[in-house]
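Please construct the entire structure, taking both the sequences and the accompanying hints into account.
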Amino acid sequence: MASQKEYTVVVTAAAPFKDNKENPTQNVKLKIPDRIEREGRIPINVIKYHFDFRNVITDMDIIPTLWNREKKVYDESAEDGDKIYVDAMLHMGMNFSDIWRIESRARRDGYEWVGDDGVPLPKYNGGEGGRFEGLPEVLKPMFNIDDMEKRVQEELPEIPVKSSTDAGLLYCELILYNSLAALYRRKEKARVMFLHQAGKKTEELGIEQGAKVATAVICSMIDQIESE
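Position in the sequence shown (first residue = 1) + 937 = this note's numbering.
Just so you know, nobody snuck in bad clues.
Label-pair distances were calculated between CB atoms; the ranges are: (1) Arg-1123 with Thr-1102: 22 to 28 Å; (2) Leu-1093 with Gly-1018: 40 to 46 Å; (3) Ile-999 with Val-1051: 15 to 21 Å; (4) Asp-1083 with Lys-958: 31 to 37 Å; (5) Glu-1013 with Pro-1097: 34 to 40 Å; (6) Ile-999 with Ile-1162: 22 to 28 Å; (7) Asp-1019 with Asp-1103: 35 to 41 Å.
The set of hints was computed from the structure by calculation and includes no laboratory data.
For every residue, glycine included, the Cβ atom is placed at its ideal position computed from N, Cα and C.
Next comes the structure, spelled out in structure tokens:
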């Protein structure tokens, strides 16, 4: 209807890293519908961010820009000063299992991982001069993860999906914390999630299942935002 707006959800994926020759999130991102219709409700416009995050620390600097409301971040043809409001964001990365995991929190410290650029992730980030100076040790999305997990499991009983409190203390968890930190600093609601794609499911069926899980998570996010 003309009086309705669209919700806007941004989806990001990750590039291959270390010895992994592919990252299924890249194909999952492409499989997610560009527009999610919801009968009798406001539709969801999905923006698939053009850049897939690499296993390098410099890419972490990109993440806060995704929340700066500048349309040019997502559309190079946009005019300077054009604005966009992102209702929610879904980051995706791969794990090393056959289960999809909805991450429920991200930690500031404790990272022990060396990127493909040979640069280790900073282990302690909250102290003076740290990347997240003065921020909480743990940040969490605004969403009810238990409800989200239950909904996805009910909608997709054939796909193994679980919530998780341990995103791995690798780049994936740092991406989530970085995104949550950007919102925390802006004093905005923590309207971002991280979905770990089942890394052992790289065949076409696994990609299709991953897109279904991601779509269900997106819908759950927007449903919860609507119900506030």
